[in-house]
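Chemist: Listed below are the residues making up each chain.
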Amino acid sequence: MVDITRPRSTIKALANPLAPRRGVPDKTRRIKEWTREVLKLEPDVAVSVTELACRDEGCPDVETVVGVMRPGKPIETMRIHLPISDISKDDLNEIAAVHGGRGVA
Amino acid sequence: MTSNRQKYYLLAYDLLYYYKSFPLDNDGETALSKNTAGRGKIPVFLLTGFLGAGKSTLLNHVLQQPAFGDTAVIINEFGDVALDHDLVRVGESRITRATTGCLCCTLGSDVRSTLYELQTMVDAGEVAFSRVVIETTGLADPAPVVNQLLPGGAAAFGLADHIVARNFELAGIVTLVDILTAELAIENQFEASKQIAFADRLVLTKTDLAREPATKTDIERLRAQLSIINPSAPIIDWRNSDFDAAELFLPRRYRPTDLGDDVTLWLALEGAIASDNKIQAKQDDDKTRLTRHGARIRTFAIVRDEPVEAAAFQQFLELLSKSAGPSLLRVKGIISVEGDPDRPRIVHAVQHVVYPHTVLERWPDKDRRTRLVFITDGIEPDPVKQLFEASLNSRPALIQRALTGIRKDTMKVFRFVAIQGARVWKLSATNRQGRHHG
Numbered sequence: 001m002v003d004i005t006r007p008r009s010t011i012k013a014l015a016n017p018l019a020p021r022r023g024v025p026d027k028t029r030r031i032k033e034w035t036r037e038v039l040k041l042e043p044d045v046a047v048s049v050t051e052l053a054c055r056d057e058g059c060p061d062v063e064t065v066v067g068v069m070r071p072g073k074p075i076e077t078m079r080i081h082l083p084i085s086d087i088s089k090d091d092l093n094e095i096a097a098v099h100g101g102r103g104v105a
Numbered sequence: 001m002t003s004n005r006q007k008y009y010l011l012a013y014d015l016l017y018y019y020k021s022f023p024l025d026n027d028g029e030t031a032l033s034k035n036t037a038g039r040g041k042i043p044v045f046l047l048t049g050f051l052g053a054g055k056s057t058l059l060n061h062v063l064q065q066p067a068f069g070d071t072a073v074i075i076n077e078f079g080d081v082a083l084d085h086d087l088v089r090v091g092e093s094r095i096t097r098a099t100t101g102c103l104c105c106t107l108g109s110d111v112r113s114t115l116y117e118l119q120t121m122v123d124a125g126e127v128a129f130s131r132v133v134i135e136t137t138g139l140a141d142p143a144p145v146v147n148q149l150l151p152g153g154a155a156a157f158g159l160a161d162h163i164v165a166r167n168f169e170l171a172g173i174v175t176l177v178d179i180l181t182a183e184l185a186i187e188n189q190f191e192a193s194k195q196i197a198f199a200d201r202l203v204l205t206k207t208d209l210a211r212e213p214a215t216k217t218d219i220e221r222l223r224a225q226l227s228i229i230n231p232s233a234p235i236i237d238w239r240n241s242d243f244d245a246a247e248l249f250l251p252r253r254y255r256p257t258d259l260g261d262d263v264t265l266w267l268a269l270e271g272a273i274a275s276d277n278k279i280q281a282k283q284d285d286d287k288t289r290l291t292r293h294g295a296r297i298r299t300f301a302i303v304r305d306e307p308v309e310a311a312a313f314q315q316f317l318e319l320l321s322k323s324a325g326p327s328l329l330r331v332k333g334i335i336s337v338e339g340d341p342d343r344p345r346i347v348h349a350v351q352h353v354v355y356p357h358t359v360l361e362r363w364p365d366k367d368r369r370t371r372l373v374f375i376t377d378g379i380e381p382d383p384v385k386q387l388f389e390a391s392l393n394s395r396p397a398l399i400q401r402a403l404t405g406i407r408k409d410t411m412k413v414f415r416f417v418a419i420q421g422a423r424v425w426k427l428s429a430t431n432r433q434g435r436h437h438g
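Chains R and F, in that order, are what the protein sequence lines are.
Take 1 as the starting number for the first sequence in our numbering and just add one per residue.
Take 1 as the starting number for the second sequence in our numbering and just add one per residue.
So here's chain F without its partners, still in its complex pose:
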């Protein structure tokens, strides 16, 4: 009934969002909106978790519940081709678009400006919603967003920020932890620990892949590790029979002080970083003459107009995953397949795990091109693109050449880590002074 009355909006901000607009007369009285009305502010939830942990899947699941129809969703992603908005599908609702954005510099303020836009539309009577869910990219640092949303966090500039502070409040942070990749993510990516530390709900995902006793022991070890990083957040298993995703998004008081010293210090540090004078920072650069470390995390996309042959594409993904392994942080994409061009495939790979594709009954929008987004650690776009073309054209010699290129990039990361390890050892052994950067 409401579906044909829904409206969709698209705003040109770095963070864009979609939401289902509900008529005020009959949907303004849901239990949840009464609840939030009592609290006076609209609850904002942050949904975070490392790359491929299942954020979009969880969000899809929750938004399909009728009580969550009146949810505004903000999706932040980066990459050359915005895809996440296509991967979150809710009934008849369509499109969000999200673009690249400098996470450290802009995410915080963008959250405020996006919320301000939402509030303007509420005031104009155009929309009503009971909660906001912000899904962050897997690499996002939660501190800037939390500071923007907490009273006493980042300073409010101008009327818009004050309006946001008056109308919205942070009501929970949900962090998904993929049991298959969590340990390495914590070891290698700083944001992973931070996302875990800031959560007031931790959700273990992919636990259905843990059938053997040994794996269960590993999960217990992971739980212990999580409890050290975040002693207060309950750890919830997605596959437990009593798991209720909706409960994760019920408003509660989010208090960083409950989460331990690291979190409060990070928020304080984040505030200091945000207010650091940029000119001063530039002067520091010149003074210290520290060289910037070369690019480590790369994102790039492959877009192809013609459909791909299914078996050849699968071969590409498997070869890539095997040769790149953990340097392949994430692949996601929507694929047009030869012989079945009306039903696109959604593909996902996380590190060395290629997940079975899912079939969509129709394309999310007019764009019917194959689009793949890659997030890698040290692997350059060129050999991946060469492997893609060579696999689709069945050119074994070119496939081998591309694989060599990928392995070379992977080895660079290996060597780099080994050199760093040797350097630290040598330095601590000789206490050598006066080393120059470069």
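Bound conformation, chain R alone:
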């Protein structure tokens, strides 16, 4: 007799295939790439991206902070008041232009 029942994954059975997926890890990588591109960074400059969440009144709900770390220089931070998943390359262009006056770009 042939068993036609295929093994079912508990994880997949429980996971909703329609669940929204924000693609955060992939987007984080792209933000790092965009930052390098927009600011024309040398390979020895490190870029770090983090998302800060805050549930207190008066704090931004979610903001993304991009850190540009040039060797021997203080870390430059760019704050974007959007979650990582919502950031586009234009946001980086815009913020880099603003930061340009302060020496980031």
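In case anyone wonders, no lab produced these hints; they're calculated from the structure.
Quick caveat: nothing in here was measured; it's all calculated off a predicted structure.
There are no misleading hints in this set.
Straight-line distance between alpha carbons at most 20 Å, and here's what the computed SDA-like set of lysine to any residue pairs gives:
{"hint": "1", "chain 1": "R", "residue 1": "K32", "chain 2": "F", "residue 2": "A272"}
{"hint": "2", "chain 1": "F", "residue 1": "K385", "chain 2": "F", "residue 2": "A312"}
{"hint": "3", "chain 1": "R", "residue 1": "K73", "chain 2": "F", "residue 2": "L265"}
On the provided structure of chain R, position chain F as indicated by the hints.
Modeler: Below, chain F alone, put in the same frame as chain R:
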């Protein structure tokens, strides 16, 4: 013997803690305290993991072991009603209280002030303990706490910070990974990846739910994914026969440099963020005129004085879980049930999974109200509260109306993600410039 000699303290800080106080004369000589005495500092462990991963369960399990009786526990949680302290029960010990707190702004410094309070009590001979375990909320970013506890991390301000640095050291970070929700959590919540990356021990939980071969394949895939985020932390299966939870809390050297570039860069960035001048940040806001993104993660609570009818309550939880699905990040609560008001039920739901409730033989404290805490992604409190009331009062029309409201909130999240996806696609296709925020 020691139980009637235990003392309990409650301090009014954003992070509060409970601990069992042991008489110095007979408990100061445990193997572990000798161990830590040799190292000179009290080890501090961070216990983290995404919402519903099983942190409180693991902590309960460990604290029940006699060798872990002399543990100070700091619990950080947020939400309108503090509940986690009720869900961690250790023998006769009782109460911790924890309150809401702005995680990004205050968690770090609160850890130092709480540890300072503990040290003051040690110096006064009031308590002795061999280790500290900090259980973070599932949404916590570990970087601020790690910077506060590492030598060379955040700058020490004042005597209190120096005393903390002299007496405590970070001795390990344990991150629990729920196999059922990990993949989505990593995809959707930035903190999930960060918690995994900072760990020096990763523990897979709920693997007992993986019986079928296909699920085992999924677990292998998850292990591979975890190894990419954190190449050095051992991945331990909670359900393995040789799993020893106590080993997770044996002091070791915690070195961020062992964990990869992401972690060291995050710590550096965290330091820069902490020292950013707040006034400057405000000026930046005005200059760039970026609008703040609307609230995404919501926490709210339902509190009810009268007991609830068990079947109606179960219906509420199942309807909510089915209609909200992954937008329901977490529900936890303590329930007073009609007909059995002396034995409260503890309920948990994580996303679309409602776990069987557990029965407590008595209430943890004088508060005998039903209390439920919800953490949602985009779902507003009102329809959930309406669903709760309508379910308990058996009002089908109102139930339907509430469910419509919940689905509407869920769809908003769906639509939002879809719009974002379309926008990114469109932008990359046309390389359009000069888009305005709003």
